Amino acid sequence: MSIVMAAKNVEPYIKECLDSIIEQSFDNWELIAVDDHSNDRTAEIIKEYQAKDTRIHYFLSEGKKLNPALITAQKHIKGELLNRMDADDIMPSYKLAVLLEAWEKKGKGHVVAGGTKHFVETGEVGEGFLRYDAWLNEVARKGSHYREIYRECVIPSHCWLIHKDDFFNVGGFEDIYPEDYDLCFKFYQAQFKIVPLDKVLHYWRDRTDRISRTWEEYKDNRYFELKLKYFFKIDRDLERPLVVWGAGRNGKDLIKLIHKQESSPRWVCNNEKKIGKDIYGIKLESENSALDIENPQILVVVSNPSERSEIKKQLTDLHFIEGKHFWFFL
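Going left to right, the sequence shown walks through residues 10 to 339 as my numbering numbers them.
By construction, these hints were calculated from the structure, which means they are not laboratory data. Fair warning: this is a prediction, and the values are worked out from it, not measured in the lab. Misleading hints may appear alongside valid ones.
As the list claims (entries may be wrong) - Subject to a maximum C-alpha distance of 30 Å in a straight line, what follows is the list of computed DSSO-like cross-link-like pairs (lysine-lysine): (1) 56 with 17; (2) 238 with 269; (3) 151 with 117; (4) 115 with 73; (5) 126 with 202; (6) 117 with 242; (7) 292 with 208; (8) 202 with 261; (9) 56 with 115; (10) 56 with 84; (11) 333 with 202; (12) 84 with 24; (13) 74 with 61; (14) 238 with 114.
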């Protein structure tokens with residue numbers, strides 16, 4: 010098994026990370042650790058561990074930033090199976106063994122995905138990350154990864170196992186952010202089956218300087234452009250009416266992107282002040298209009314959780330199926 014890991018200025022955390030890998034109950038692994046030009050002792054520490062353990066391999070990234078480091082790492086994969094690790098996180102000792110056991114029961118064409126839990130050294134984990142943990146674990150329990158793929162990334166970036174042939178057949182890591190979400194969509198496009206594990210297999214460190222908080226590439230975490238790219242590739246049926254449900258900021262931003270590709274999307278909302286108005290050349294309709302459309306494809310971009318639940322109930326009561334007739338884009 011190959012573990013690919015990019016590392017950038019993680020001197021305070023890298024030893025704990027490496028120790029957790031070394032302490033795995035499954036020991037037939039190699040770690041491909043790629044340093045993204047750190048200016049602290051990260052590289053030195055990895056080399057110290059490499060000198061003591063031949064399973065650990067240090068490389069300097071051929072480029073700068075996360076994706077070039079991952080692309081460098083994938084060039085050195087020798088194992089049949091592949092996992093990814095973040096250099097400031099921790100593996101429970103059973104992680105690799107549990108992932109492997111699940112994968113061996115299914116084989117190629119399957120991706121095993123486990124649960125995660127955020128942690129902090131001091132203070133409390135941010136509410137957004139706690140919600141994401143809970144949602145990911147619920148997705149794993151229900152096995153609803155592909156039904157909910159347009160909401161957020163449904164496979165944690167560091168808690169999956171796949172055969173290297175499957176990984177490279179979909180293109181592996183590319184210089185596209187967010188890299189984990191893009192890879193997840195490629196698994197979906199290839200119709201790999203997800204093997205969900207309702208078990209925490211990764212401890213995910215929350216810190217104020219994590220790149221998902223600080224990098225421009227992750228600033229707009231709705232990722233509408235990436236979602237629409239794959240929706241039009243995988244799920245869009247041009248013979249069916251496309252409907253955007255929601256006319257707040259999210260709905261407006263999404264409809265503008267859709268309008269670049271389709272001339273006549275339908276747009277509905279529950280705001281009486283907006284219904285009937287022409288915005289961006291599209292006349293807003295009431296929610297009831299969406300319910301009367303035959304065989305629609307509905308993209309729901311309502312941010313309020315209780316409203317989303319009500320919309321889902323309305324649609325399922327009409328025998329609309331999530332992942333076939335409607336998708337949540339938030």
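Open item on the list: With the threshold set at 30 Å, check whether the alpha-carbon distance from residue 84 to residue 24 stays at or below it.
Closed with: 24 Å, holds
Open item on the list: Given the hinted pair residue 56 and residue 115, is their Cα-Cα distance within 30 Å?
Closed with: It is violated: about 36 Å lies between the C-alpha atoms, which goes past 30 Å.
Open item on the list: Against the 30 Å threshold, does the CA-CA distance of residue 202 and residue 261 hold or violate the hint?
Closed with: 34 Å, violated
Task: 30 Å limit on alpha-carbon distance, applied to hinted pair residue 56 and residue 84 - done: 19 Å, holds
Task: Given hint residue 208 paired with residue 292 - CA-CA distance at most 30 Å - done: 47 Å, violated
Open item on the list: Can you confirm whether the C-alpha distance between residue 56 and residue 17 stays at or below 30 Å?
Closed with: 14 Å, holds
Open item on the list: With the threshold set at 30 Å, check whether the alpha-carbon distance from residue 117 to residue 242 stays at or below it.
Closed with: 23 Å, holds
Task: Distance restraint between residue 126 and residue 202, which requires alpha-carbon spacing of 30 Å or less - done: 23 Å, holds
Open item on the list: Please verify whether residue 115 and residue 73 have alpha carbons no more than 30 Å apart.
Closed with: 37 Å, violated
Open item on the list: Tell me if the straight-line CA distance from residue 333 to residue 202 falls inside 30 Å.
Closed with: 17 Å, holds
- [ ] Starting from residue 151, check that the Cα of residue 117 is at most 30 Å away, please.
- [x] 22 Å, holds
Open item on the list: Check the hint pairing residue 238 with residue 269 against an upper bound of 30 Å on the C-alpha distance.
Closed with: Holds, at about 12 Å.
Comparing the model with each earlier hint shows violations of hints 4, 7, 8, 9, 14; every other hint is respected.
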